[in-house]
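Q: Sequence:
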Amino acid sequence: MRVTVVQMNPGADKAANLLQAEQLVDRAAVERPDLVALPEMWTCLGGDRATKLQAAEQLPPAGSGAAGGPAYEFVRRIARGRGLFVHGGSIGEHAGDGRMFNTTVVFDPRGNEVARYRKIHLFDITTPDGHGYRESASFGAGDQVVTFMAGGLRVGCAICYDLRFPELFLALRQAGAELILLPSAFTVATGRDHWDVLIRARAIETQCWMAAPATWGVHRDGAGQDRSTYGHSLVCDPWGQVVATVSDGVGWATARIDAGRTARVRRDMPVLEHRRPAIFGQRAPDGARPESGPESGPVGSEPILAALSV
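Using the numbering used here, the first residue of the sequence shown is number 1, and each one after it goes up by one.
Check each hint, because a few of them may be wrong.
[What the hints assert, rightly or not] Simulated DEER-style distance windows between Cβ atoms:
{"id": "1", "residue 1": "228", "residue 2": "31", "range": "24 to 32 Å"}
{"id": "2", "residue 1": "67", "residue 2": "134", "range": "16 to 24 Å"}
{"id": "3", "residue 1": "264", "residue 2": "29", "range": "28 to 36 Å"}
Hints are computed from structural coordinates only; laboratory data are not their basis. Just so you know, even glycine gets a beta-carbon here, dropped at the ideal spot from N, CA and C.
Whenever a hint applies, use it, and build me the whole structure from the sequences.
A: Here it is as structure tokens:
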């Protein structure tokens, strides 16, 4: 399977962002991808809280086939029109309490929604450059580990700050994931030191492919301050080697996901078999149990593991 990660420079103008996304997907078609992934919050990055709420959408019930808002229908149309799996990065989803969820939607080549994931870990930090972020002021947190099937591979979902919590990635590996998609809007201050290091670490720990589409550039917030995101979208193999990357600017990168490579890495270094969670007070893993059937959806109903002991 060929996977393309798209790097965008979105602003607060939702219509302009949809146009930018479509132009980049069209240009990336020369790579003949089977799956295209967009970055985090590509529909609206910048502006104030009211702008973000206005750009957010009420999503139809999962699996209903009902129509959604402009971004939701855009992702569906791109998938169906081009015969691709399209991972819609993440968009703002109205939560019903004046807040939003940071939500991934995924469509198959027929335009059917096959996965929906809400970001679990919210970005409430101060970066080294002094900028403060409080994602929880506007967003609610998800509570489900989600995978879906694409091109014969089980694919796991995570978003941006989730990257710093290895227990989620271990849960995805235990759910059978071979590829994990990580749409992101990493800050420059954290990205230049941590971005590729953390992605490679998660790939090595889980022995999964990692594909991380990211935003890049300057985005003006509601207070008139410029916030910069790092870009450097990449694809990393299960050995931790970066096999495709974008640096600065908008663009895309494509890589072939080699299931044989995954199998060899896991055979030669069977770390999942060597785990001893009982020593560290962890619940023994139950394995993959997709709640919504064998093809897609949230997995398991137990709490996510508290620590990674690889």
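Q: Which hints from the list above does the structure break, by number from lowest to highest?
A: Hint check: 2 fails alone, others pass.
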